Every structure is written in C-alpha cells, then in structure tokens.
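K.L.:
For reference, the chains in residue letters:
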Amino acid sequence: MDIKQISVFLENKPGTLNDMTRVLTEHNVDLRALSLAETTDFGIARFIVGDVLDTVNILKEAGYVSSLTPVVVAEVEDEPGALNKVLQVFTDHSINVEYMYAMLGSREGKAYMIFRVQDSMKATGALLTNGIRILDQESLSEL
Amino acid sequence: MERYYQPEIECASREKIKAIQDEKLVRQVKHVWDNVPYYRKKMEEAGITPDDIRSSDDLHKLPFLSKADLREAYPYGLVGVPLKDCVRIQSTSGTTGKRVVAFYTQHDIDLWEECCARAIMAAGGTNEDVCQVSYGYGLFTGGPGLNGGSHKVGCLTIPTSSGNTERQIMFIRDLNATILCCTPSYAAYLGESMKEMGLKPEDIPLKAGIFGAEAWSEEMRHDIENTLGIKAYDIYGLTELSGPGVSFECSAQSGMHINEDHFIAEIIDPESGEVLPDGEQGELVFTSIDKEAFPLLRYRTRDVCSLSREKCSCGRTHVKMMKPKGRTDDMLIIRGVNVFPSQIETVLLNKGYPANYQIVVDRVNNTDTLDVQVEMTQEMFTDNLGEITARQRELIEGLKSMLGIKAQVTLVAPKSITRSEGKAVRVIDKRKI
Numbered sequence: 001m002d003i004k005q006i007s008v009f010l011e012n013k014p015g016t017l018n019d020m021t022r023v024l025t026e027h028n029v030d031l032r033a034l035s036l037a038e039t040t041d042f043g044i045a046r047f048i049v050g051d052v053l054d055t056v057n058i059l060k061e062a063g064y065v066s067s068l069t070p071v072v073v074a075e076v077e078d079e080p081g082a083l084n085k086v087l088q089v090f091t092d093h094s095i096n097v098e099y100m101y102a103m104l105g106s107r108e109g110k111a112y113m114i115f116r117v118q119d120s121m122k123a124t125g126a127l128l129t130n131g132i133r134i135l136d137q138e139s140l141s142e143l
Numbered sequence: 001m002e003r004y005y006q007p008e009i010e011c012a013s014r015e016k017i018k019a020i021q022d023e024k025l026v027r028q029v030k031h032v033w034d035n036v037p038y039y040r041k042k043m044e045e046a047g048i049t050p051d052d053i054r055s056s057d058d059l060h061k062l063p064f065l066s067k068a069d070l071r072e073a074y075p076y077g078l079v080g081v082p083l084k085d086c087v088r089i090q091s092t093s094g095t096t097g098k099r100v101v102a103f104y105t106q107h108d109i110d111l112w113e114e115c116c117a118r119a120i121m122a123a124g125g126t127n128e129d130v131c132q133v134s135y136g137y138g139l140f141t142g143g144p145g146l147n148g149g150s151h152k153v154g155c156l157t158i159p160t161s162s163g164n165t166e167r168q169i170m171f172i173r174d175l176n177a178t179i180l181c182c183t184p185s186y187a188a189y190l191g192e193s194m195k196e197m198g199l200k201p202e203d204i205p206l207k208a209g210i211f212g213a214e215a216w217s218e219e220m221r222h223d224i225e226n227t228l229g230i231k232a233y234d235i236y237g238l239t240e241l242s243g244p245g246v247s248f249e250c251s252a253q254s255g256m257h258i259n260e261d262h263f264i265a266e267i268i269d270p271e272s273g274e275v276l277p278d279g280e281q282g283e284l285v286f287t288s289i290d291k292e293a294f295p296l297l298r299y300r301t302r303d304v305c306s307l308s309r310e311k312c313s314c315g316r317t318h319v320k321m322m323k324p325k326g327r328t329d330d331m332l333i334i335r336g337v338n339v340f341p342s343q344i345e346t347v348l349l350n351k352g353y354p355a356n357y358q359i360v361v362d363r364v365n366n367t368d369t370l371d372v373q374v375e376m377t378q379e380m381f382t383d384n385l386g387e388i389t390a391r392q393r394e395l396i397e398g399l400k401s402m403l404g405i406k407a408q409v410t411l412v413a414p415k416s417i418t419r420s421e422g423k424a425v426r427v428i429d430k431r432k433i
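Respectively, the protein sequence lines represent chains W and E.
Under this note's numbering, the first residue of the first sequence is numbered 1, with each subsequent residue one higher.
Under this note's numbering, the first residue of the second sequence is numbered 1, with each subsequent residue one higher.
Read the hints as simulated data drawn from the structure, not as lab findings.
These numbers come from a predicted model, not from an experiment.
Heads up, none of these hints are tricks.
Quick list of in silico lysine-lysine cross-link-like pairs, BS3-like style, CA-CA up to 30 angstroms:
1) Lys13/W to Lys351/E
2) Lys415/E to Lys4/W
3) Lys231/E to Lys311/E
4) Lys406/E to Lys13/W
So that you can see chain E by itself, here it is in the shape it has in the complex (with noise of 0.2 angstroms):
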C-alpha cells in the first residue's frame, strides 16, 4: 500500500499544482526583486521586472543563476530577508571549488523537513519504523535533513551520523532499524561489513534504504538489495535549494518525483539556454519558489537529466526527473570524449566486479590516459594467470564499448582502495592543465 506525507498536495490533480507554482512564483519574484539586489540587477540587465512574471509560463524570461554567482555572492549576497530571521545555515563539502553557505528561517526549515518527510514515506515509513540516519551531521545537508524528515514521520530515530562501522551494525541489529539512510557507496559498504561478518539479508532487519547525495547506477542498486535484503531508494537534492528531498523515489523506483509545490523544474540546452520538452536529455534548472532566506530563481545544478510526466503508478502526480547521468562537475573529459563514472561502474557491476572502484586520469605524453582500478575478489581470483588477464581484456573491451574510449584496468589488492563514509572519491584526475 503506499503511503503518503501528503496526499492531498502529492497527489493533486495538475491544474492544482499549477495554480500553486503560478502563485508562488509570481510571489517569490516580488520577493527576490525587493529583497536580493544581486539578482534584481540581473532581471534590470535582462530588461525584466515583477510585472513580466504572471505565471509559471513566463518563468523562461528569467534570468540564469549558476554556482558562479554562488561564489560571487557569497556569503550573504543571495539572501533575502534579514540575517534576524534565519535560524540555520547549512553549506557544501566545497570539492568542486568554494564552499556554498545556504540560509534557512524556520519555514525554509520545515519545508525542507516535509519533504523528506514524504520521501521517507514513499520507502514505506511510517511511526512504527526505526530510521537510522548514517548521513553525516553538521554542515552537510545529508543527516540534518533526513533527521527532520524522521522526525516528522515519527519514526524512531538513530542519528549514528557516518562513520565507525561496527557501531552503525550494532545499532541496526540491536535497536531493529529498518530503514536506512546514507549514500549510496556507505551502504554498499555496511552491506559488504555485513557480509563478511557471516550475516545473510534475512538476519539484517532493514526494509527500505534512502541512498543519495552521489550519482549510483540501477546495477549499484540491485547488489545493495540483494546484500541488505531491502530496496533501495533514490533521493536527490542540493544544498543550495534545501538538501535532499528536492526529489524522491516512490514504490515506482523509476524516476524521482520533484517536490513541485515547493520547486520548478526546468531541462535546458546547456550551450543555449533554451528550455527542452520533456523527455530529451539536458541540464537540471531549478526555482526554489518557497524558500525565504534563499531564494533562488532558476538555479543551473549542472546534474544532466530528463523530465517525464507520464502517470505514475504510485499515484503521486509530480513530475519525476530520471536519474542523473552525473553532475557535470563529475563528467570527465577524456581524449576528448565525456566519460560519467557512472557509465564505469555499470560497466564493471554488469561484469561481477565489485562496486568499489576508482577512476585515475592522468596525461603522459600529451595524451589523456583512463585507469580504472578494480579489486581482486576470492571470488574472481585463480591461480590461472592467463584466466585473470583474459576477465581484464573482456573489462577493457566492456568499458571500450560503453565509453568510445580506451581504458586501462589495473587489478590492485582486495580493501586497498579507500572505503567512504561520506561521498565516495571516485576519481583522481592528475592532469596539470
């Protein structure tokens, strides 16, 4: 049976939820016009003002704000009501560059709360579950956000944050927690400790995992529910609009549903501008129309995707975004071509390769060179030396076909690749350029 946080706004009928963009918008635009002179100036250069925004149709007409501007603004350039008024801020791990530092007033906070909220009930949640929440606590949206989420639901929570393994397995086991939320590559972990330790899916009493905050792939999914006994669910988010539960995965799991009362989603050309139909691939763009302290109007997230409103069979009426190829920040530029990590790590799951990998670019002579480092497994190792090579030409071949490119697969020693606990470092590029 599915469940809902809610109904009423999740399942609304379109001409509801239109009606809802359409107000929000016109009166967030107000808002950010006499609030936030970084972006008025913006709507001034473009020749726009209040008045040209009626409805969810004129949105197109606004101007863009990339992660730049973030930088540009930072720290309080973007915020639109006084420093009184927030309660929180919450801000990025800063790997692609200058840390994003996001403002909340208690409303921004609730919002953010409910969403998860409805993402957790979208996994099956409800108050008579235990949430451990294995995301990080503080200033990384990840725990504080699903904590909420947990409390809002009722459920029990265990706020382990991430880190120390055997603590997280205890608690799971010994408090009956059956739903989990971390990233993707953390769980993957606890599984493989889980493993290790002798225990089988049915000793584990977890149902319903909440992994996000890193790109993983279908396969990626499929090994985490097998070794947990659980399914596992997407969810998506960014600092800079909240934190996760921007969207979430219903029993569906094909296709996230985007908390439109509270955002617009856009696909756009990333080299024009223009907006695309549904369904045609193209770079994320978001308007936080609810949000106060940080209002951000269609905010470029460079995650590539698509949109697709075809029914759902969860009821749930919002629009679902396909899962992120990657975030442009992630794509690789290789000899020229764009490699996703995501695209490796289908490749070597579909092959029985372990799920922990790393990718290292570098440049020797000029030329671009794409190292995928794989674990040796007891279950992939023999003693026949030209049986193991052969599996690494069939990987080289395997990632050749999917990339365009050639890689270099280098076989290294089991649990000699760096575990995460937070975002996985799935790629060292050495280039100088």
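Okay, chain W solo, but in the shape it has when bound (with noise of 0.2 angstroms):
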C-alpha cells in the first residue's frame, strides 16, 4: 500500500542538488515531490517517482548512493483544517511522525501529504478506517 521514497546522499555546497538534478532531467525523470533534509556538510534530498526502480538504477550509474524508505502518502481536502484531522488519527493511535512534506496533485480541491512513519502498516490502517484515502505506487501515476 505504501509509496517508495527515494532518499539520495548529497554533499552540502552549491551546485550538488543541481547536478542531481540534471541526471535526472537527462533521463525525463518526473519529481513528483521532493523534500531536503541537511546538516552543515551533508544533506539527503527525498523524493517520489513515478517509476522508483528505473530512477535508483540511472542514479546509481551517476555515482549516488541512495536507499528506498517507504512513506505514506495521504489525500486530504485542500481546506483549513485538513492536516489536522490526519494528525489527529495519528496522535490517537500514538504515531511518531519523524518527516513529512507535501505533494502537489491534479485533482481539483485535494492536496498529499507524505508521512515518514516508524510503522507504515499500523499508519495506513488508521487513516484508512478513518476515511482518508492513502495512494500507492500505481494511483501516484493518475495524479
């Protein structure tokens, strides 16, 4: 049910995120979503693909490391209060969210949340049970 994050070591100074990016303009990859995360020499750039495999292989061949971390993406109503309601579910089943950030869709009025989660299973269940769609791998390339 879960959507593969790719997660790619970069080097903290000009230019780096950009390198990477042009790897994967090169080889037409679309970002879906992407997120930085840093301290003072090294960061990790996370992002969402439409076809995770083919996107690790071509960095790989760049020379990156990466790893695949999985996440939980959730649609929410692009409304006030929306990120609430979804925090809320996680708060009263006790889940610690260590990231997230946001995805841009094409359906009218609805917005994504991407969730890093210590237990993806235990996180989809209780959105699910409350009403809030959670997308996979083949539904991101609907968006």
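Put the two chains together into one complex; each comes in its own frame, and the hints tell you how they fit.
P.N.:
Printed below as a string of structure tokens:
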C-alpha cells in the first residue's frame, strides 16, 4: 500500500542538488515531490517519482548512493483543518511522525501529504479506517 | 613451503652475516673516503679516518647523512665512481622538496634486482608465476625494481606500469596474473573496481601482492586480502639506498627482513642521535655497504620503527624491521600533537569506512583544524539523518581516543576523493606558517 521514497546522499555545497537534477532531467524523470534534510556538511534529498527502480538505476549509474524508504501518502481536502484531521488520527494511535512534506496533484480540491512513520502499515490502517484515502504507487501515476 | 632466492645468504648464521657486514663496511668506508670528498670532509670534521672503522661495531662513530646533505650535494656530490661507470639514475618524486637523484653502476642494479627477487620469492613467487608490475616505470624506482626482480625469479613479467585501470584488470584476467606489484592504495582501488564489476575473489587469478612505497595499516592489508583473495606482502625501500627491496615481508607477515648483506640498519634517538637497542622505536638509519655509485653511510631515513632479531618462522636470519608508523615527513604536528595518517587510517578501517580518505589540515583563528574527509558508501547510507550523524560522532570519538586531539569528520560524495595510481595524496596542509 505504501509508496517508496528515494533518498539520496548529497554534499551540502553549491551545485550538488543541481548536478542530481541534471541527471534526472537527462533521463526525463519527473519529480512528484521533493524535500531536503541537511546538516552542515551533507544532506539527504528525498523524493517521489513514478518509476522507482528505473530512477534508482539511473542514480546508481551516475555514482550516487541512495536508499528506498516506505512513506505513507494521504489525500486530504485542500481546506483549513485537513492536515489537523490526519495528525489527530496519528495522535489517537500514538504514531510518531519522523518527517513530512507535501506533494502536488492535479485533482481539483485535493492536497497530498507524505508521512514518514516508524510503522507504515499501522499508519495506513489507522488512516483508512478514518476514511482518509491513501495513495499507492499505481494511483500516483493517475495524478 | 618457504621459498628463497638466495638461501645461503638469506638463512646464513648470524656469525656469517656479521662477517659479511664487517668486511663490506671496512671496504665501503675506505671507498667513500677515497672517492666522496663531501663525506670525507664530514669524517675529518668528526676526527675519524678509515682506520677507526675496523668492524660493524665501529659504525656508530661515523657521521650521519641526511636528506639535507643529499640536497646540498645534488647532483654529483655523493657519487663514488666516475660517471662513465654509471649506467642509470633513478629519482624521487620530490614531494618533500628537491628531487633526490641516485646513481647506479651495473653492480648496483644487479644487487637491487636481487633484493627484489628475494621479496618476490618470499611472497611465494617462482618461474611459473605471472607477475604484473603496476608500479610506475621511469624515474620512480617501483617499476624498474620489481621488474628486474621478477626477471631474476623468472616470472612472466607484465610491465603495465601505473594507470589505465581497465587495462590492468584485463591483463590480470586474460593473462592469469598471479602476483601483483603496486602501491597499497592502488591495490585497494583495483580491488574496489573489480568488486564493482561484479568479480568475486575466486574470479581473480591473483594469489599474492607485493605492496610498498607508502605507509599502510594492518586493517588495509586485511581489506586488500579479502577483496582480491590474496596474501598481501609489504616491501620497503628508498631511492637513496636503491629502491624497493631494502627489506621485505616473508610468510610470517610480522615485519620486513632487511637485506643485511647489503644494508646495515640502526635505530637511533632522532633527538640525540644515540643508537637505541633492538625493540625500541626510533628513526631508522641505513648504511649501504655494497653500493658503488651512491654509497651512503648512516643515512637517516626519517622513518620511525623498531627492529627485531627474534627467530623468524620463515627460516630467514636477517633482522626484521617493523612496519614504519610513518615517515617523519608524513607526520603532522597538529595543535602540538604528532599525528600520523596511518593512525587515522586504522580508525577508519576499524569502523568500517573505506580506505579512501583525505586529511585536510588548516589554521583558523590561530588554531589548527583537522578535517578527515570520508566517502559515503551505499552500505553506510540510510534515510535516517540521526543514524548517519551518530556514526559520524562515533568516528570522531574513535579518532579522539587514537590521536588525543579532536578531529572533524566530513562525509563527502562517493568517488569524490581522487583515486591515486601511484602514491596516494592523503594530506592537504593548507596552513601557512
């Protein structure tokens, strides 16, 4: 049910992110969502793409180290209180959010939130039983 | 089964070795006195004549030669024969100052190649082996020395010289090379490249490697042995004395036997110049007792190590020198503390980091900074920032307990540190003092 996020090691200095996006551009990879985490000397670029395996191979060829991490992508209403509703479900089930970021979609009135949690299965179950739609790799391509 | 190139000398009794050294030293001192005015002047200043040197027991009376003397006497000041009798020069890379140019007669070349032949046979080599020499050929002694040694043993020699990694691997595989001679950092790089190509140790025909020309740690040895599926032997030498083969490792892999029929080794206190007893750490000093063209007496190598005369399981009787901790030239003084790159390497490999690293020393606000740059690997990488920084902190702790000072650790992109095909550039010192 979950979506695999790609995480890539990057040095924290000018041009490194650009070097990576150039590689992705050359291979026509569409970034659906992107977030950066950084320390003073290095960072991790986290992103969602359509074809995960293809992209990982492209990155490997180009000399990057990367890893796959399961994340939960929830579809919410694009209106005040929607994120609060999701987080309330997590709170009720004692689910800790390690990090989160947003993703764009083309469906009218909808917004998408990406969550990294310890137990993706548990989070998915909790959200589904509360009537919140979860995206999988396949539904991602329909957006 | 242990193999020897010249068993009658390599396994001679201590009495016989001493007799050889006594005779050759007396002759060599006379030769230098008669033919090298630069050193004769030093002897005269010290109030010594050849008559004072009756045996190797008198060696300590002779004055030292240092790298500074070699620079001062450059290029011909220490040459002991007419140039018409010289057949070759070799030269150092000149990384620590002016190049050293060493001269050789045919006799000098022969004895140098014999020393290398002993090293190859100690690593198990015979005339049935295929020996790939990936040291640089040219002014650098690595290529010519091992090439000559390989010929003397009768190995099929592949003189690839350094560089062109793809071609190196192609020859190793296509011609079934069994012995590899190169710098340890290049061996590690070849191993890494073959691993990337999907080759397993059992797919690689090599069985032994003879690696030298730079300091390397035990941990690096294990790494190379595991990736290439070989036994890795250390070899030591200096251009000033001939080149590789001054000493070499045997199957015991616990120190390098010094070719004592050609070189007399001493360990001295680098401050006072006093000779230290066996087992004590100090600066290694060599006297070449058989060289004609470039006969150096009591040459201070600046290498720090100790000597051991304990009986060796290989049957050789020549004294062993322990792996030098580093050259005093390599030694960094950071915030007043002596730091050898080999110590940093030991910590890195112990903690599972790759052997490819760079040390950047700088001075910020009048304080020395030490930055150890390590490449991120696929195995180490995780999406969890906290886990990576925790490992980074653990490495900083490990370095601190080894070095006694705090170092910074910077994780850099894979393959971003330049791979060396010769001697690795480990240290970048940006301090302007």
